[in-house]
Amino acid sequence: RKEVEQDPGPFNVPEGATVAFNCTYSNSASQSFFWYRQDCRKEPKLLMSVYSSGNEDGRFTAQLNRASQYISLLIRDSKLSDSATYLCVVIPSGYKLSFGAGTTVTVRA
Amino acid sequence: ETGVTQTPRHLVMGMTNKKSLKCEQHLGHNAMYWYKQSAKKPLELMFVYNFKEQTENNSVPSRFSPECPNSSHLFLHLHTLQPEDSALYLCASSQENGRDLYFGPGTRLTVT
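Protein sequences appear in the order of chains F and X. The first sequence begins at 80 in my numbering and counts up by one. The second sequence begins at 42 in my numbering and counts up by one.
Derived by calculation from the structure, the hints in this document are not laboratory data. Do not rely on the hints blindly, as some may be mistaken.
[As the list claims (entries may be wrong)] With a Cα cut of at most 16 Å, we get these calculated EDC-like pairs of lysine to aspartate or glutamate:
| # | chain 1 | residue 1 | chain 2 | residue 2 |
| --- | --- | --- | --- | --- |
| 1 | F | K124 | F | D136 |
| 2 | F | K158 | F | E94 |
| 3 | X | K82 | F | D136 |
| 4 | F | K81 | X | E85 |
| 5 | F | K175 | X | E85 |
| 6 | X | K81 | F | D136 |
| 7 | X | K77 | X | E97 |
| 8 | F | K175 | X | E97 |
| 9 | F | K124 | X | D141 |
| 10 | F | K175 | X | D141 |
Please read these numbers as outputs of a predicted model, since none were measured by experiment.
Produce the complete structure using the sequences and hints provided.
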């Protein structure tokens with residue numbers, strides 16, 4: 080089983096729609112979770128950390144479900160500029176990050 | 042210059058060539074990383090340096106040789122590569138806790 084698994088998508092949504100997707104992780108002892116965003120032919124950039132109680136950053140909401148070992152990202156009121164690949168990142172232990180292969184979101188006008 | 046820079050941005054090399062990738066970070070971070078990104082695959086950690094000392098070598102073939110002369114510079118020396126080594130090579134830096142990575146724009150490598 081892979082350490083981090085994501086639905087590759089693509090998720091094609093119209094502007095203004097809500098889109099959500101999950102990421103599952105295999106190591107139940109994992110302590111830290113993040114979402115990174117990678118635009119086409121660009122480098123990944125940190126989008127947000129994921130906290131146990133869930134957290135919001137503007138139109139983005141991240142949640143953690145430890146019992147089922149997944150994290151989620153929800154994007155409300157999608158913008159064209161939200162089109163990107165979203166990478167799930169889990170730290171199983173120490174400082175070594177494990178990346179998912181990414182979920183591609185395409186927002187259409 | 043700000044952030045993390047990488048040169049060259051694109052590189053085409055034959056299997057018998059020797060080339061080097063360069064990374065420089067202007068963020069005052071203590072840790073630097075090399076990642077490999079192939080299409081549709083997760084980022085693969087290759088090497089980690091903390092305070093110029095290599096702390097991680099993720100079973101990378103010896104045809105890839107890292108060098109970290111100081112906390113701001115990182116090199117990846119390449120020799121006798123294979124076509125399957127074609128990928129995007131990303132450099133990153135972070136404070137020593139490694140939780141927030143700042144990536145450079147990457148070098149897109151093609152091995153012919």
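Now the hints, each set against the structure:
no.	hint	result
1	K124/F - D136/F	holds (15 Å)
2	K158/F - E94/F	holds (5 Å)
3	K82/X - D136/F	violated (27 Å)
4	K81/F - E85/X	holds (13 Å)
5	K175/F - E85/X	holds (11 Å)
6	K81/X - D136/F	violated (27 Å)
7	K77/X - E97/X	holds (14 Å)
8	K175/F - E97/X	holds (9 Å)
9	K124/F - D141/X	holds (9 Å)
10	K175/F - D141/X	holds (11 Å)
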